[in-house]
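S.K.: Please work from the sequences and hints to get the whole structure.
From first to last, the protein sequence lines are chains A and B.
One point on numbering: in this note's numbering, the residue at position 283 of the first sequence is 283, and numbering is uninterrupted.
One point on numbering: in this note's numbering, the residue at position 110 of the second sequence is 110, and numbering is uninterrupted.
Just so you know, these hints were derived from the structure itself, not from any lab.
Don't take every hint at face value.
Because identical chains cannot be distinguished in the list, a pair is counted as satisfied if it fits within a single copy or across any two copies.
Claimed, not checked - Using 30 Å as the maximum straight-line C-alpha spacing, the simulated DSSO-like pairs for lysine-lysine come out as follows: (1) 98 / 497; (2) 450 / 15; (3) 23 / 67; (4) 343 / 151; (5) 67 / 15; (6) 497 / 99; (7) 471 / 39; (8) 288 / 133; (9) 373 / 404; (10) 42 / 67; (11) 86 / 133; (12) 98 / 373.
On a predicted model such as this, the values are computed, not experimentally measured, just so you know.
There are 2 protein chains.
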Amino acid sequence: MLLKVKILNIDSGGKPVVFLNDKDADDLNITASERVTVKSKKKITSIVNISATIEKGFLGVTEEVRKILSLTQNSKVTVDIAPFPKSLQFIRNKLSGKKLLYPEINEIVRDLVDGNLNENEISAFVTALHIDKIDLDEATSLSRSMVDTGKTLCIDKKIIVDKHSIGGVPGDKTTLLVVPIIASEGFIIPKTSSRAITSVAGTADRAEVLMPVEFTANKMLQILKKANGCIVWGGAIELAPADEIFVKTEFSLHIDPLLLPSIMSKKKAVGATHLVVDIPTGRGAKMKTTGEADLLARDIIELGRRLRIHTHCIVTFGEQPIGNSIGPALEAKEALEVLMNQKQVPDLIDKTCNIAGSMFELLGKKDGYLLAKKILESGKAEKKMRDIIKTQGGNSSVLPEDIKIGNHTLFIRSEKSGQVLWMENRIIVDIGRAAGAPKDKGAGIVFNKKIGDHVEKGELLFTIFAEKSHKLDRVKYILTNQSPIGIGKRSDMLIHKITESPTVERTFVIDR
Amino acid sequence: MLLKVKILNIDSGGKPVVFLNDKDADDLNITASERVTVKSKKKITSIVNISATIEKGFLGVTEEVRKILSLTQNSKVTVDIAPFPKSLQFIRNKLSGKKLLYPEINEIVRDLVDGNLNENEISAFVTALHIDKIDLDEATSLSRSMVDTGKTLCIDKKIIVDKHSIGGVPGDKTTLLVVPIIASEGFIIPKTSSRAITSVAGTADRAEVLMPVEFTANKMLQILKKANGCIVWGGAIELAPADEIFVKTEFSLHIDPLLLPSIMSKKKAVGATHLVVDIPTGRGAKMKTTGEADLLARDIIELGRRLRIHTHCIVTFGEQPIGNSIGPALEAKEALEVLMNQKQVPDLIDKTCNIAGSMFELLGKKDGYLLAKKILESGKAEKKMRDIIKTQGGNSSVLPEDIKIGNHTLFIRSEKSGQVLWMENRIIVDIGRAAGAPKDKGAGIVFNKKIGDHVEKGELLFTIFAEKSHKLDRVKYILTNQSPIGIGKRSDMLIHKITESPTVERTFVIDR
Numbered sequence: 001m002l003l004k005v006k007i008l009n010i011d012s013g014g015k016p017v018v019f020l021n022d023k024d025a026d027d028l029n030i031t032a033s034e035r036v037t038v039k040s041k042k043k044i045t046s047i048v049n050i051s052a053t054i055e056k057g058f059l060g061v062t063e064e065v066r067k068i069l070s071l072t073q074n075s076k077v078t079v080d081i082a083p084f085p086k087s088l089q090f091i092r093n094k095l096s097g098k099k100l101l102y103p104e105i106n107e108i109v110r111d112l113v114d115g116n117l118n119e120n121e122i123s124a125f126v127t128a129l130h131i132d133k134i135d136l137d138e139a140t141s142l143s144r145s146m147v148d149t150g151k152t153l154c155i156d157k158k159i160i161v162d163k164h165s166i167g168g169v170p171g172d173k174t175t176l177l178v179v180p181i182i183a184s185e186g187f188i189i190p191k192t193s194s195r196a197i198t199s200v201a202g203t204a205d206r207a208e209v210l211m212p213v214e215f216t217a218n219k220m221l222q223i224l225k226k227a228n229g230c231i232v233w234g235g236a237i238e239l240a241p242a243d244e245i246f247v248k249t250e251f252s253l254h255i256d257p258l259l260l261p262s263i264m265s266k267k268k269a270v271g272a273t274h275l276v277v278d279i280p281t282g283r284g285a286k287m288k289t290t291g292e293a294d295l296l297a298r299d300i301i302e303l304g305r306r307l308r309i310h311t312h313c314i315v316t317f318g319e320q321p322i323g324n325s326i327g328p329a330l331e332a333k334e335a336l337e338v339l340m341n342q343k344q345v346p347d348l349i350d351k352t353c354n355i356a357g358s359m360f361e362l363l364g365k366k367d368g369y370l371l372a373k374k375i376l377e378s379g380k381a382e383k384k385m386r387d388i389i390k391t392q393g394g395n396s397s398v399l400p401e402d403i404k405i406g407n408h409t410l411f412i413r414s415e416k417s418g419q420v421l422w423m424e425n426r427i428i429v430d431i432g433r434a435a436g437a438p439k440d441k442g443a444g445i446v447f448n449k450k451i452g453d454h455v456e457k458g459e460l461l462f463t464i465f466a467e468k469s470h471k472l473d474r475v476k477y478i479l480t481n482q483s484p485i486g487i488g489k490r491s492d493m494l495i496h497k498i499t500e501s502p503t504v505e506r507t508f509v510i511d512r
Numbered sequence: 001m002l003l004k005v006k007i008l009n010i011d012s013g014g015k016p017v018v019f020l021n022d023k024d025a026d027d028l029n030i031t032a033s034e035r036v037t038v039k040s041k042k043k044i045t046s047i048v049n050i051s052a053t054i055e056k057g058f059l060g061v062t063e064e065v066r067k068i069l070s071l072t073q074n075s076k077v078t079v080d081i082a083p084f085p086k087s088l089q090f091i092r093n094k095l096s097g098k099k100l101l102y103p104e105i106n107e108i109v110r111d112l113v114d115g116n117l118n119e120n121e122i123s124a125f126v127t128a129l130h131i132d133k134i135d136l137d138e139a140t141s142l143s144r145s146m147v148d149t150g151k152t153l154c155i156d157k158k159i160i161v162d163k164h165s166i167g168g169v170p171g172d173k174t175t176l177l178v179v180p181i182i183a184s185e186g187f188i189i190p191k192t193s194s195r196a197i198t199s200v201a202g203t204a205d206r207a208e209v210l211m212p213v214e215f216t217a218n219k220m221l222q223i224l225k226k227a228n229g230c231i232v233w234g235g236a237i238e239l240a241p242a243d244e245i246f247v248k249t250e251f252s253l254h255i256d257p258l259l260l261p262s263i264m265s266k267k268k269a270v271g272a273t274h275l276v277v278d279i280p281t282g283r284g285a286k287m288k289t290t291g292e293a294d295l296l297a298r299d300i301i302e303l304g305r306r307l308r309i310h311t312h313c314i315v316t317f318g319e320q321p322i323g324n325s326i327g328p329a330l331e332a333k334e335a336l337e338v339l340m341n342q343k344q345v346p347d348l349i350d351k352t353c354n355i356a357g358s359m360f361e362l363l364g365k366k367d368g369y370l371l372a373k374k375i376l377e378s379g380k381a382e383k384k385m386r387d388i389i390k391t392q393g394g395n396s397s398v399l400p401e402d403i404k405i406g407n408h409t410l411f412i413r414s415e416k417s418g419q420v421l422w423m424e425n426r427i428i429v430d431i432g433r434a435a436g437a438p439k440d441k442g443a444g445i446v447f448n449k450k451i452g453d454h455v456e457k458g459e460l461l462f463t464i465f466a467e468k469s470h471k472l473d474r475v476k477y478i479l480t481n482q483s484p485i486g487i488g489k490r491s492d493m494l495i496h497k498i499t500e501s502p503t504v505e506r507t508f509v510i511d512r
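M.R.: Encoded structure:
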């Protein structure tokens, strides 16, 4: 069918979408959300919307379609019903309980990346993987397919090192310390990181306080050649683009069946041969118990084996923030202070040395923890970090006091004496985001007390920083209803009372 | 946030959708597919698309939003982040394996009908109901909620009769016979029917050949007052509008977890007190075995009990079309011929008398089957049908030869002698739809042979009718690859060979 182009001047969120009059749709024997091929000089497949506002004989095109096909107003295009996507049949098979094989998953991921699957179909696939529990064969196929459909990094080295945290703990700036420690020993560590989606700061947000983090794959290779290590935003590199699409669906549904393929595909895409994965565990973290964490570690290690990535996991304490600060700038500052040995932040240093140490041991070195600690204390890690900052185009002589922190503050003091019994990560994150993080880099929280600390009535518990004063109003509102810190006697037993059907608020962490 | 309206001149398929610049979305702390409230004089909740083509400070509105709020170009509206929909939390609970309670399901269905749930969320909910198997409690809650969120018919009678078929068999024009038989005995039968989605003809399509079928609820009540019975299109009455939204998602995924709530809510909405449900069974039907059919009947009867609808089921032979014709006009013609006792169509008459007979027995009459047959043979059913046709505004003296059939034909003759061993409903439907049905009412197929009949080589098997000659090309193409009728010896054992991983094509029937 030959139709005239009507430029709609709207975009459709990345996916090519066209609008058809219902009569033309009938003639093509097509209903909404199905697919047509649109041909001018090039030919693409596009999802169909049916719209009474498009005249018969016209095809409404979104910006995505206009750009790909270089269309102009009133130009002619040939529109036909697209061949039925085999991947949709495979999704339907999954819905009827079939385990999917590699060629089937590959077809699905390819169609997903090409924009040939509509939201219904993607959502059903992700939901089925969640409810039916994705198994290791499917996770392997998904990891491979996600690598195949994206860019890969070709680093000409036998050993390529990487680290990852499955996330969920605020204030985890460990990567800013681990990367320079590993790189200072001459190992290649091509670290790609994410920005925050549900958290207060992603590692890319933290690193960006110190240096640029958006680079192409080629530029990343140059940085690695000079500095051995890097900390860059993964989004710009276009590794595993399928992940970005899956994450959108998972985020909206609060499920993440693709956690493992997402992590492992991105590691495989940078060519990692040795990997340490941190699994924060505890009531406020993604994994609630060590039993759960161990089972996850089992799957990660096996998936690593299948993808030829030698993987170790470490299970770490995740019931409170790491270190004393959260928020991009505050965390970058704390990391720099520790690298410069200006400040002792025991839990942050311990976690850092455990991760870097495990990595050293995975690479055959003895006493990894001590080696990592020595590198940190000797200033070698700081030197390497300044080397990386310089190579990525930042100010390599940056000092902690140069880092801008929001100048609107709110001091929260204890209303009673006692001991800090618990900290609630979910509420801490809510407060941090309400204060403006991660968008406002200078927003965040500094804690004066952590679990186990003794507190006197009136003593400072934590300080909230914001770049814009009105954001503190929202913080105050949260604090009238909820407290992120529980203070009491160690014999206090009551957590809370439930007297009627409660509204359940669950934490969900999709940053990975 | 105060924004200027930009009229986009496109519609979004019924759901209110607005487009925001990414900076404004950031300021509102909202991401794509989330919800905002838009306020002018009225206030609505709307799904957000994020678009670079909308300038900062503007809100792109689709026709749906423009109409509801009566907006004009450049008028000002207040846009705010919408309160988090509780129903989404309930959907998430369902995804984590929880059975949902009535207030939760009611909240979901209400938000669905109000357009507050996006496609991801609806699809995940439907998928979870499918994979986790919706139970009878949830089916009851869904049925009730679907009734609550739509219109209901208030008929001031103690006994209100209805029938339904779960569908899947082509040529099933039984309703056109059952309704007048029941109504002629003085019972009220407010029959609402659907149009075809995946089939060759829905009962509304068939009935429309004889009379108008689109009426408001009030007009339907007037028709019933005059004629006791009616056959109208359910879509115009707006009973259970949630069903239309669910069906779209189910159709695209080839799953139908909402089958029972869909059927029963529409029966409850018309006030049915007594119901017979036909379950066609066999390899070519929706239910493949009588075991499956019986289990479905069990659930239907129990759901009826909970909704206070006294329900019987009949399991019928569904391996081939009912009667000799398929396609809206051909089927209306065949029904009229049987009503006029001009033609003997044994299977159609038997099925009709079984359904009407079961209904009579459910209502306390004896020998229902014989009673139904007598009413049919006596001409009382014909008289009542002409009464209904007249009341609905059709030509009550219509004769079979007045009904227009497509005048392009294709005669298919047997290539060998033998016996009809099987008929394949799926291929029959494909051919009927390729010929133009249900859109072209005069398109369809007339069968000269059915299962068990003896056939000589060269003898006519069936005739295809089309309104447009080019549609027969597509029919010919289907017939080069597939045959809808298997002819052979009764000792022939082979069904088909599989020598490599096959592409599986499954039938899916969503008409209900």
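S.K.: Should residue 471 paired with residue 39 be assigned to within, between, both, or neither, using CA atoms and 30 Å as the limit?
M.R.: Between copies only: 24 Å across chains, 50 Å inside a chain, cut-off 30 Å.
S.K.: How do residue 450 and residue 15 come out at 30 Å by Cα distance, when the copy is not named: within, between, both, or neither?
M.R.: neither (46 Å within a copy, 48 Å between copies)
S.K.: Is the C-alpha distance from residue 98 to residue 373 at most 30 Å within one copy, between copies, in both cases, or in neither?
M.R.: For residue 98 and residue 373, the Cα distance exceeds 30 Å both inside one copy (50 Å) and across copies (47 Å).
S.K.: Between the shortest in-copy and the shortest cross-copy C-alpha distance, which are at most 30 Å for residue 86 and residue 133: within, between, both, or neither?
M.R.: both (23 Å within a copy, 26 Å between copies)
S.K.: Is the C-alpha distance from residue 98 to residue 497 at most 30 Å within one copy, between copies, in both cases, or in neither?
M.R.: between (43 Å within a copy, 22 Å between copies)
S.K.: When no copy is specified for residue 343 and residue 151, does a C-alpha distance of 30 Å or less occur within a copy, between copies, both, or neither?
M.R.: Neither: 40 Å inside a copy, 69 Å across copies.
S.K.: At most 30 Å between alpha carbons: which applies to residue 373 and residue 404, within, between, both or neither?
M.R.: within (28 Å within a copy, 90 Å between copies)
S.K.: Within a copy, between copies, both or neither: where do residue 42 and residue 67 come within 30 Å Cα-Cα?
M.R.: This pair counts as within: shortest intra-copy Cα distance 11 Å, inter-copy 37 Å.
S.K.: Can you tell me if residue 23 and residue 67 fall within 30 Å by alpha carbon in one copy, between copies, both or neither?
M.R.: both (26 Å within a copy, 23 Å between copies)
S.K.: Since the copies are identical, ignore which copy is meant and state whether residue 67 and residue 15 lie within 30 Å (CA to CA) inside a copy, between copies, both or neither.
M.R.: For residue 67 and residue 15, the Cα distance is within 30 Å both inside one copy (12 Å) and across copies (27 Å).
S.K.: Is it within, between, both or neither when you check residue 288 against residue 133 at 30 Å Cα-Cα?
M.R.: both (18 Å within a copy, 28 Å between copies)
S.K.: Under a CA distance limit of 30 Å, which applies to residue 497 and residue 99: within one copy, between copies, both, or neither?
M.R.: between (43 Å within a copy, 23 Å between copies)
Checked against the numbered hints above, the structure violates hints 2, 4 and 12; every other hint is satisfied.
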